[in-house]
Each structure stands twice: as structure tokens, then as C-alpha cells.
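K.L.:
Here's the letter readout for the chains.
Protein chains: 2
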Amino acid sequence: MSPNSKYVYFFGADQTEGKAEMRELLGGKGANLAEMASLGINVPPGFTITTEACNYYFKKDKTLPPSLWDEIIKNLKSLEKAMGKTFGGKKDPLLLSVRSGARVSMPGMMDTVLNLGLNEDTMKALAKKTSNNWFAHDCYRRFIAMFGNVVLGIDGEHFETILERKKEKRKVEFDTELLVDDLKGVIKDFKALVKKKVGHAFPEDPVEQLRMAIEAVFNSWNIPRAIHYRRLNHIPEDWGTAVNVQSMVFGNMGPTSATGVAFTRNPATGEKKFYGEYMINAQGEDVVAGIRTPQPIAKLKEDMPASYDELLEVYQTLENHYKDMQDIEFTIEDNRLYMLQTRAGKRTAAAAIRIAVDMVNEGLISKQEALLRVPAEQVDQIFHPMIDPKSKVKVLGKGLGASPGAATGKVVFSPDAAAELARKKERVILVRTETSPEDIHGMSVAQGILTAKGGMTSHAAVVARAMGKPCVSGLGELSVDTRKKKAWLNGTEIKELDAVTLDGADGRVMLGSVKLVQPRITGYFKQLMSWVDKVRNLSVRANADTPHDALVAREFGAQGIGLCRTEHMFFDEDRILLVRKMIVADKEKTREEALKKLLPIQRSDFTQIFKAMEGLPVTIRLLDPPLHEFLPADPKEIKALAKQMKVSPSALTKKIHSLKEANPMLGLRGCRLGLMFPEIYKMQVSAIIEAACKLVKKGTKVYPEIMIPLVGHVEELRQVRSQLDEVAQDIIKKAKVKLDYKVGTMIELPRAAITADEIAAEADFFSFGTNDLTQTTFGLSRDDSGMFLPEYIEMGVLDRDPFVSVDVSGVGEFVRIGAEKGRAANKKIHLGICGEHGGDPKSIEFFNSLKLDYVSCSPFRVPTALLAAAQAAIKDPKP
Amino acid sequence: MSPNSKYVYFFGADQTEGKAEMRELLGGKGANLAEMASLGINVPPGFTITTEACNYYFKKDKTLPPSLWDEIIKNLKSLEKAMGKTFGGKKDPLLLSVRSGARVSMPGMMDTVLNLGLNEDTMKALAKKTSNNWFAHDCYRRFIAMFGNVVLGIDGEHFETILERKKEKRKVEFDTELLVDDLKGVIKDFKALVKKKVGHAFPEDPVEQLRMAIEAVFNSWNIPRAIHYRRLNHIPEDWGTAVNVQSMVFGNMGPTSATGVAFTRNPATGEKKFYGEYMINAQGEDVVAGIRTPQPIAKLKEDMPASYDELLEVYQTLENHYKDMQDIEFTIEDNRLYMLQTRAGKRTAAAAIRIAVDMVNEGLISKQEALLRVPAEQVDQIFHPMIDPKSKVKVLGKGLGASPGAATGKVVFSPDAAAELARKKERVILVRTETSPEDIHGMSVAQGILTAKGGMTSHAAVVARAMGKPCVSGLGELSVDTRKKKAWLNGTEIKELDAVTLDGADGRVMLGSVKLVQPRITGYFKQLMSWVDKVRNLSVRANADTPHDALVAREFGAQGIGLCRTEHMFFDEDRILLVRKMIVADKEKTREEALKKLLPIQRSDFTQIFKAMEGLPVTIRLLDPPLHEFLPADPKEIKALAKQMKVSPSALTKKIHSLKEANPMLGLRGCRLGLMFPEIYKMQVSAIIEAACKLVKKGTKVYPEIMIPLVGHVEELRQVRSQLDEVAQDIIKKAKVKLDYKVGTMIELPRAAITADEIAAEADFFSFGTNDLTQTTFGLSRDDSGMFLPEYIEMGVLDRDPFVSVDVSGVGEFVRIGAEKGRAANKKIHLGICGEHGGDPKSIEFFNSLKLDYVSCSPFRVPTALLAAAQAAIKDPKP
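Protein chains in written order, with our numbering: chain C, 458 to 1336; chain H, 458 to 1336.
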């Protein structure tokens, strides 16, 4: 930051210093206000204090830059001139809003002060100027409460209580029913409260108010909920927030005034239709906070036709200019339209897809731009479950379908309860009167969100859509008692842990767990995906263990199976007994008998999977988990098994006990099983090759790839491979067919990565098992990490969960080294990923940069991975 | 191998083609026979077939090189000429011995055939020539049995049975009491046995015998016990063995003949005194096999004074020539001395040290040569326990003190039983009539070995000395019944699992477990160690957790403590309850109360350790293991603890259960504990710094180094360190002293190694924890690896146990990367090792090559590490 920095940028009809591109310096809101002003759109003039000033403030122990105040006063003068009003003036006082504005939108996270500049004198002047004494007093009491809360740190509830008591005393329901004298009493009580709480009088000097408010906005950058939001969204601490100081306009000046928010297209579906809500005679915060349920925007055409037409024109201008769907805030003050904000609107994945495709068709954006417009990590939302149309459901009520998708789970009434149950892997539905930023941690773990208050743009709705979670909002008939942990809906009592189902598409709330089904894919999606294949470098395969999963994956665009886990097949009811017999067999003969019976079953598994994937490669991993995972632990089950197996329970218990390990993750598993019990792998390879040979004979194209897990030393692979090749060649020879099969290995141990050159000499392919590689690289058991990983992220020790998004500098480095060494030693080697990270867009970007051949992920993540691969290729166009 | 290779090298008085330096080609035995011949020492002439011929044989599917046979015949002619005898001749037949000879000595591992060339005709000629019909028949029957066993693969027991039956029939005890006619009968029966077993007659053609014997020696390179020995001793498969074909001389030609083995110095103590044994009228194998107990060499002076004097002269020549203690074999045939073999003698560590020091003082070798002469891995043998002189012992009998040191353990009578009990961590004493190479696996796990038969150079004695294990051999009063699992010694019955104690120094066998004590260090050792410090680069520290260990380590030469594990302190009886209270505390207050009580105890621990290590650095590792390790698992113990802690048993059980982990090795431990429960680390750092400050005030020099375990990400270290620095600075400030303390971290996770540059910025030192690093690099739990690691080594998947000797290409690579990145980012960083590998000479050689600053090992390994560090520096003299 240079000492000559300019810290303040003015915007208004006559003079505008900023522009949209200056988002880093002016924050999103400030940059867009400046841009709108430049476009000739009517915005209340004002000025933006830069994020650099905020960073200076925190770096210098909360001191403002020395030159800042002079700049503010200079801009304040310009603002007075533009508005023809005087700040603190006793005739026509200029009132200000002071708002935060970070580089990216952080909804509800930062604090705002409205009506700043009011004191006893300017209130009177406002009353006189607007000829509305009630309005002036109402503004003043709102200002004191907001300033008292946000700037002075007094609990808002105290102000609320004073107001409620007054209403009770006056026996009225709404604030608007209070008389001017009542408001005067409220103002007096508010001021007394402030004096009592902070030890000095409420500041009357408008300039002092402004200074305090600006510092309060800066300080709000570091309040816990803002920090929490940043952590959750990976926003760097050092971005800072800008402060927007803007002249006030009033949507609450009576019936010719209004305030509203709108989206230029439908944020839930993407339909090209103006979409929003407004309230007559209300201040902006009333709409967003969801306290009153607002009117749909179409109705504004009836209420204020001129303003409505102007709004339509503005929205067209904005969309054409920004070439993206906009989320706008506006206020109509006495029939004059002011735009308060515009920004790219948050949207569901379905909407993002439709908007992107529509905008290509409208000629607004290119196909590559369209691909970048759809957040890959959200694509699987469109495959989110929906209510099975054939289910009989008991609908308790219907609210707004605020975020699509269906969800079922146990009811909880607090975010803490949601978090606690979620930790126990329970599916929960968070039910609240309305949500606020304090609820984020509960919302993020819930399956779905249900609120009694709030519209389509309420906090709950916006956040749920961003999270891709089903949400039903504004269900007025719902009443919630958080303390009693109960809710009532149209006569039905809902207790904590009762099962309910939400349909976030149509707003229905149903009793019990309703069956959910997967939706079909839309034409918009197909069109988008058709562009994907032209740009991406990475292939995308699926992790699929059954013929059904294989078919689903193929329909979603999978180009093969990257991981078929054979152990899942072992757990099937018809074979688990054979598997168990095989494991506890003390004699080789008993083991071989059991394996002999398993062989045809496995062969049929593979036959079906090969058929489902005809023409595409299928990577089959040989048995990986420790054998004791297949055995029962419960004494009753052991007894039953002993009886079935005709052995004594105590002998069986002893055998099971002898297989127990201190650290099974690091024990007798993977290729170690293959070396200790070669007959198991031989059976599996026989099943694979026999199935393949039979299909080849029938003319089916099969490309089996046999994958050896947990190789740490080349010699393990060499020995296992030589045994298996012998088995395979034997079968192929006998079958007299030509079958091309590959043998490769997982790279999932640090030693495998660092000696990948040695291992590559024995492998046709590597598949990086980034799940296990993350475990061993970090020395971190996924099963046990729950005891501290969430806190680690909370404390900022780790940026993000390394099991979700690959840890580039550690685990990623091993993938890089493994790929580099592997290719150096074996030019033909094929490289892929089959850990969970194969479906994570951030990770895919990294894997693309390493020029791997493919990623493999769960079938429903295939479209995400395909899109992410395309986006990675567009962003990193190196050949 | 070039096609023009010369495969056969002659040696003899007149013509010798090989020399000592050709050990790789001629094997140790062949090279030294050639060398002796060149020195003018009388060796029976012969020729050596090279190891290259052996390698050719195995590479070409057991075919001899085409040119080989011509070479052999040519050399056979030379040999006939040198001896004046004819191979297969009917007048004066040349008889041959055919022996293996690998590059390094593999005692008893390879097969030998003596008296080759005998058939009915040559036997008669031999009888005539020697005028000893009995001798000729005895040679022939021995030859048939040996050839039948070694070359034709017939179990030796069958021949033994025929002989025994004949003795029973004749009612005689010794072979020598049989008459010529008896021997004729035996020979007839032997031949019938051969025909029955192999389907053809015993080969009468001497040339055919020779060809078969040579191939048998080659084949014996790959018999299981040879493979096992190579694996155990890390001898590469592709070294191959040479074959020595040598003219026979006979120690069994009557009372003027003898055979013996000797060491030029005492192999147990190193004393410069001729040391060995001989038998009159015996063949060489009789001495080594330990079947009869031989005479001490000094007695030869009386029996055959001329030969004795000649032998003394030869031994002096050999020592002066080889400049090392020699292990020689000789035969006296009719008063003429022949040397059959010389090689560097195996010796105990104590002997190695004394011989090396003496030879420096005698001017034979340099100090650096002396340092290389003592196998570092054996140095700790000299600290092996001895019988506490104050103990009352019940001596059952006294045999030969064949390998020094005392051992106590449970009696087993078979190597398999030894291996099985050892797996259960039992200490065992292997008791055998005599040992053979088949017993190696039992010997290697036993604490000590006791045999009824065999002298100081018997198989048991030689192998035990090489292994550094106590051994009592030749205890004639001992009789062993392996089937009944019982032994009798001077009237006492010894059953399997009875406890006995051996003193391998004086040969005593005692009943029960006698208390053992540590010996003091000798002057020879001190002299050797005084040379060590001048050449080594690595410092050596000790892993010591108690003041006592610290003092022992210091006495052994430790230059500080590299690892003081604080958790061991937690297990002490007087504090485990406090630790448990601290762990199960649900409230922070309860935890802090317990910690408050632990603080003064820990402070006193550290005070004493600092005092013991005054002036030297002490690295203290903060709490590392998962907390549940401190809690009881047994319901009874839980109940007792609950009572002590005044909580309900069920609540305590639940708490304990909640701390259980699926993979504790990868769970909540190390610095993760420090971040989740900062109060624990704060208490420990307070104790360390308070103790240090108090001592500094008194003028004691203390250098505390605080070590944070299990760091995987720099941010972990940064956060823990900043908390701890605050605590430390506070205490130092209050104490008003100057205290230099360091904070560093273990590098024991692959991620730590690969991001060592980041971590180095926050660390004053790294200590590579190669134990855990091996676990995570291989994905291999040390606790569980017993299920397959032994088989892995057996199968050749791994060369050696990576927990014993560092895996250079995997784990070592991480140490290399960690050291390199660490130094690049922080030039001042201090680097050490504190895993088990810190005491392993092979690993130390590697760490020396990385130019680490120090290794740290258990106190008793300190001398080993010091010597190994010196040897590494001598071998790798790069600056």
C-alpha cells in the first residue's frame, strides 16, 4: 500500500471514479454502484472507502490511515453538493447509509447502518422537509437502535423489548400503529438505554456518527460469524471490506414509496423472467430479513406502473452490460426509482445451466464462457433426489419452494442440534421461524431447511440455494417453539426427531420419510455437456461396483470404470458365508473349497459389468480390506455363524480375535493379502479373465484392467503380477481367444509415490488412490479424524478438509512426483485418480495441470467431473 | 561373463594361479588356498572352479559352461602330476575333496564330498598303498554315505541306521571297533540302499563322480537352508559359489595323523594366544560337527611336537600376512602338516575390540583400520548382561563357555518351539544335543544356546558367537530327549518351559532365573572409542526418559539427549491417577486441577534430567500417544478407577469408549493433542522452563529443546509454538534469567518431509522420527506387521525389516528430501534422527551421507552408534 494511496472513490450521476473492474479495491457493491452510475442508472450518490483502508486499519492496530479523514470530508462535500443537502444541516439534512462491501458477496455477514446523520435537530428538519413528523421519528428510532446495536455493540433485543412494551402498552400490533408521541417515548428510552449500556450519551454529532460507523464496518470484518463464513467459503482474511457511504433514499416514506429485491431471471429454474419481491412503505432490510412476507414483483406493475417499466428497462440494461443474471436491490422514494445494488445473482445449478445455455443462444456469451458460468461442484444438484411420484404422501402444509430438491430427515430446531446429530451421521431437517447468519453451521449440515417466515429472497432461501440444499420458506401456518423443541403445522404437532420430508421445488412439507427418486436430465444440461467434451483433456470414469451403477455412470457420460471394488461384492447376502468360510479356514483345502464356490459368482458379477461397459475399460481392484472386516464382531452373530459353519463358537471367536489389528488401515490388507493368501487373488483373476474370454468369444468388446491395491514396494507388484499373469495367460490360452488385459496398481502409499519409477516398470497403469494417500501422507485416519478435523478447520490449521479437496502441497506433491517418475520410467503408462477427489472440481483442476489421463468418481459426480475437467482445460490452456 | 572366461584356477606348491584378492571369483576358501600356496605354506594342491561358472550354471537352466569340462580335465592332469598319483588309478589313486566356497563364509550351509575317486578298484589300491585295509574300507564307506547323501539326495539317516545296526550286531560302541569284514558288509548294504533309493548303481567311474559332485555343490547354493542363511545375512543371490577340488589328505590314517581347527587369537576374549582343538586319527568334519569332544591345541605339543611347532610358524606367517586373526583348519597326515583353510576368524565383539587395539599397538594395522575391524552392530554385546556376582545360584552343571554373556529364559528343545515362543515375546533358551544349520531360525531368536555335544568350534559355538549370543556347549552330562521335551543334567530333570540361566563366559548352567547385571567397560574398549571421536562427523545422543538412563547414556559417551519421551513419565505409579483424571475430565476446571498437580512432578523429572545432562542439550518431546493408552481396558480396572475417581463405572466406561480409535496410530495424538487440549502442552512447557530457569539461577548449564511431535502441516507447529513460546517467555521473564531454549519438531510424516521447507521456517530443529515415518511411508503398522513382515523377508519381497534398518529408497528418500528442504529454508536448522534406526550401523552410514548433525539411540546402543558414525566417516570421507 503506497503512502499516497487514494482511499475514497466517489460515485453519482455527474462524477464517478470507480468501475466494475475495481472490485478488489472497492468491493463488489461499491464497484457495481460506480458501474451503474456510469451506465446512467439512477443510484443514490455516495462514495466508497477502499479495502486498502480496511487492511491498513487492521495492520496498524485499528488506526485509520492519516489522510483518510480529509478525503472523506472532501467527498462528503461533493455528496452534499450532488444532493443539494447538508450533512447535519438543520434545513435539509443529508442522511447516509453506511454499508460494508467485500470483494465477494458475503450475505448478511457484514453490518449496515441506515439513516446516519440524524439527531434531535436533523430529525426535526427531516420532519419539516418531508412534512411527515411520524416518518422522521420512525427513522430516528430505527437509527438509534441500529447504531446502538451495530456500532455500540448493544444487544438488539434490548431495543426490541422497549418497542414491544410500548406496543403492548398501546395495545397495537404493528409499529406503524404507534403514534408520534409513542415514538418520542421510545426514542427517549432508547437513548437512556444507550447511556446506561455504554456509559455515555448517544452521539449527536453526525460527523462523529460517521467516523464511528465506518470503524464499525471495518471491525465487522473480524466478527466471529464473518470469520466463520470466510473459512467456510475459503475467502482470504486479507481481502478486507470496503465501506460504502451513500445518501439515503426512503422506501418507507408512505404509499408512494417501496423497496424490493429482484433477479433478472428465475434463480431457481433459470427461466428468463423477471423475478422478485417488494414491499410498499418499507426499508430495504425488511425484505431481506424475511420479517414480513413481501409481494411478487409482477404486482408492482399494478401498484406503480411507471416505476415498474423503468425497473424493467434497468434490468435489461444491466443484463446486457454484465452479460449475466443480476440480483438487484431497489428503492422507490416517492415514485422515484433508485437502484441500490446490482450483482451476479446466486442461483441453483439447474438455473445456472439454463441461464448459461440461454445466454449462448441469445448471443450474449460464448460456449466457453457458458461452461465457466456453471459451478461444477453444484452440477450434481440437478440429480438431487425428488419425491417419488408414486408415493402416497401426507402433506402437512405448503410454503414457498425456495430451493429445489427433496429432502427427508429428522426434525431439529436449532443449528447446534443439527450439527450434533449430523456428527452422528443422522440426516436432519432444520426447522426455524426464520434463519439468520448465526444458523449457517446448522444449515450446512442439514438435508433441508424449513422456515415459517421469509420469502424467496430471505436468508434461508438464498443460503439454501447457494448450498444446493432443498428449502421451503415462508410457511406461515408453521409455528415453532425452540425451547419446547416442538412445532405445530395446521394442527399437527411436530416434535424433535420426528421424520419429515420437504419438496423444495413446490414447497410441500410432508410427514414421515417419503421415498425419494432420481430425476432425469434436462435438455439444457445435455446441451451444456455436449460442449464439455470438445474442450476437456481429462477422461472421466466412474467408481462403480455393480452393473446398475455401471449403467447409471455410463448414462451420465462415464468413459469407463476407474474403480470396481470387489469387496463390496463379497458382502452380498448370498456369498458372505462363503467369504467367511474362506477367511476362517485353517486348512488350505477348506479355503480352496470356499473359493471354488465363490468363483462362478464373481465371474457372473464381472460378466454383467463388462456387458454394461462394453467397449470401455473396466478397472477391477482385487480384494483390499483387512479380512476381519468380513467377520462378525457381536457374540450373538459369532454364535450363529459358528453353527452355520459347524465349528465351536469359542474357536471361531479365537480365530476372529487373531485377525484383529491395532491399526487395520496399516495392517494385513491390499496386496499383502494377495501375497499371504495367493489363492484369493488367483480366484478373482480367474473370474475376471474367464468372464472376459467368454464375452470376447461372443464378440463383446471388453477391456479389463486388473488393479493391485496398496503396493508400497515394486517387489510386491512383481510377485503378485507374475502369479496373476500366469493364471490369466493359462485361461486365455485354453479359451483360444485374443484378450488384451492390463495389470496396474494403486499408488496410495507415500513409498509408492516416491519409488514410482521402480513400480512403473512393472505396471501398465497407475491409479492414484488419493483417499488412502491422504491418510498416510498426513498420518490421519479418516475414521478418527472427526475428533479434531472440524476444529482444525475452525482454528485455521487447515484450509479445508483434505479428504474432500486434495491437499495440493502435500498429497498433491506425491501425485505429481508419482506421475512424473512413473512416466519417466514407462512412457506408455496410463495415469488416473480413483479417490474421492476424482469428483471434486478444485482437485480436478490440479489433476488437469498434471496432465493425468483420467479421473474416476462416483456415478452421480460424473457430470460434475466432466464439467470441471472442461473448466480446468479452459482456465489452463497449456498444450 | 565373457565367452572366453577362464573357469578353473590351479593352486599348489609349484603353480598357483589365484590370490587372496580374487575372493569374488574364487570364493573365500579358494582365494585363501591359493594365497597360502603362494606363501609357501603346505596345502594339498587342487583347483578352484569359479563363481562365474556357478552363475552360468543357474542362468542357463543348470548347464555347465561348454569349455568347463576340458579345463577341469586339464587341471586334473596337473594335479595328478603334482601329487604323483592318478585319478582312478589302480596303483596310487588320487582322491579328491570337493567343497563349496562362497565369497563370504557360510558355515555349514554348503555341502562337501570327501574321498572322491574311490571305487572297488581304487579302494583296493589305497589299501595296498597305505598298507591299511581297514582305513581304505572306512574311507570307502564314508565316501558312499557322503556322496549318497549330498550328491544323490538320500537321507543320511538311512546310512547311519545301517552302520548302527552293524555295531549293535557286533556289540561294539565305536565305528573304529568294527572289523574290515563288518565294513565290507556295510559297504554292500550302502550300495544296495543307493540302488534302491535312486534306481541305479552307485557310480563307480571317478570322473563321473567328480562331475556329479561339482554339480551338487552348485545346486547346494540354492537349497533352502542356504537361501535362508543368505536372506538372514543379506548375501545377494547372484554371488554364487566356487567349487574347490583338492587332493585328499587324511587325518584318520592312524595315531600319527590328526585333524584340527584353530584361531590365531582367542575368538571369545581376543587374547593373543593360539587357541584351538584337534583330534588324533579323525577326518576334518569330525571336529566341526562336534560329534566327539576334541583336545585343546596346547596338548598337540605333547602329542606331535614337530607338527605343533610348524603350525605355530604357519600361524605367525598367516597373521603377519593377513594382518588379522585367522581361523585355520589343518590335517596332519602321517606326521606331515597340511593347511586346509585359512580365513579371518569370527569373534565376539569383545575379542574384535581387543584384537583391533592390540594389532594397532603391535604396529600391524592403523587406527582407522582398527575402527573398521570391529563390527559396530556387535559392540553392544560387550555390555551384555552377566550373572550378578551377589546372586546365590544353583549350578546344575558346567560345559564349555563357548560364547560369552549370560542369558536367562524358558527351556525349549526345538527351533520351532523357540520361534513360536519368541513370537509371543517370551525369552527362551534353546537346548539341543548339538545344533545344525537347520536350527538357525531357533538360534536367532533364543536368548542363549546350550548343547550336550560339540566343542568351542562346534556349529553352536561358532554361530552363537557370530550372533553375539551366550552359548554353553559340550556339556557331556546333559542328555536331551526332544520327543518327550525333557532333559536330564546331573540328576535334575529339566522340562520344557522350565527357567534356566546360562553363563556363556564360564560355561555354567543354573536352575531358575538368575539376576543379571551389566558389566563395566574394558580398557581396550575405551582406547578404541578414544579414536572414534577423531574421525566421526555425526554426534550421538541418547533416547533417555529417566535421570538414570541419562546417566548411563552419558557414561557411554552420549552427547546429549535426542529424545526424552514425557509419556513414560506419565505411567509412573504416583501419577497415573492424576493423568487419568486429567484425561477423563469433562470440565476444563477438573482437567486444570489435575494438571496443576502434575506440574511439580514433571518439573522435578526435568530438573533431574537436566542435572544429569549438564552442559549438553536435552530434547524433550511433548505428550505424543493417544490419550486412551493411559486408560484401563479391563472392566475390573475400570471399576476400581471409577471408585478412585468418584465417578460411575458406566460413565467412565463410556468416556473411555469415546476415546477409542479405529486406527490410533493415525488418530488424535502428537501435536493434535496439543491443539485440542492446549493446557496439557502448556503444563509440560511450564515444567520444562521452570526447571531450567531454577537450574540456570544456580549456575547449572541447561539447554532444553522442546520437540513437538507428529507435525504434518506448518500451521500446526506455528500455532502450538506460539502458545508455548508465550508460556515460556512469561516464565523466563518472571524468573529474570537468561535461558536459551529451542523449539523444533519431529519429521515423522511424509507430509512433513515433503513440506519441510515450510515447516523449517518455524522450527529450530528437526528430529526425524523414522519409526513413525516408516509406518506411514509403507502404510505399515509396526504392531500388526508381525502377521506378514517375516514372510515378506522370507519371500524376498523386502530385503530386511525396515523397522530395523532404514529403507533407504523410500523412508530414506523422505529423510533426504526433508533435510534438503529444511536446510534450504532455514540455514541454521539442526537435524537429527531419533527413531530406532539411530542405533543401526547400516542406517547410520546413510544418515552420515546426508550430513545430518546427530543420531539418537537407546543408551546401550550409544557406543555402537559412535563407532558406526566413525566407520561411516572413514568409508565416506567426503568433506
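Any given hint could be a false lead.
Note that identical chains are pooled: a pair holds if it fits in a single copy or bridges any two copies.
Claimed, not checked - Lysine-lysine pairs mimicking DSS-like chemistry, simulated, CA-CA at most 27 angstroms apart:
| no. | residue 1 | residue 2 |
| --- | --- | --- |
| 1 | K756 | K1044 |
| 2 | K882 | K1112 |
| 3 | K581 | K548 |
| 4 | K1096 | K1117 |
| 5 | K476 | K1278 |
| 6 | K1332 | K758 |
| 7 | K1111 | K1096 |
| 8 | K867 | K1111 |
| 9 | K849 | K581 |
| 10 | K1111 | K882 |
| 11 | K1111 | K881 |
| 12 | K1044 | K882 |
| 13 | K517 | K729 |
| 14 | K881 | K1044 |
Derived from the structure by calculation, the hints contain no laboratory data.
K.L.:
Each hint needs a verdict: does it hold in this structure or not?
P.N.:
Results for each hint:
1. K756 x K1044: The answer is neither: 81 angstroms in one copy and 58 angstroms across copies each exceed 27 angstroms.
2. K882 x K1112: between (31 angstroms within a copy, 20 angstroms between copies)
3. K581 x K548: Close inside one copy (9 angstroms), not across copies (146 angstroms); limit 27 angstroms.
4. K1096 x K1117: Intra 18 angstroms, inter 25 angstroms, cutoff 27 angstroms: intra and inter.
5. K476 x K1278: Intra 48 angstroms, inter 45 angstroms, cutoff 27 angstroms: neither.
6. K1332 x K758: This pair counts as neither: shortest intra-copy Cα distance 43 angstroms, inter-copy 93 angstroms.
7. K1111 x K1096: both (12 angstroms within a copy, 26 angstroms between copies)
8. K867 x K1111: between (41 angstroms within a copy, 25 angstroms between copies)
9. K849 x K581: Neither, since 62 angstroms and 109 angstroms both go past 27 angstroms.
10. K1111 x K882: between (32 angstroms within a copy, 19 angstroms between copies)
11. K1111 x K881: Result: close only across copies, 16 angstroms inter versus 31 angstroms intra.
12. K1044 x K882: between (41 angstroms within a copy, 26 angstroms between copies)
13. K517 x K729: So K517 and K729 fail the 27 angstroms test inside a copy (48 angstroms) and across (80 angstroms) alike.
14. K881 x K1044: Cα proximity of K881 and K1044: across copies only (22 angstroms, versus 41 angstroms in one copy).
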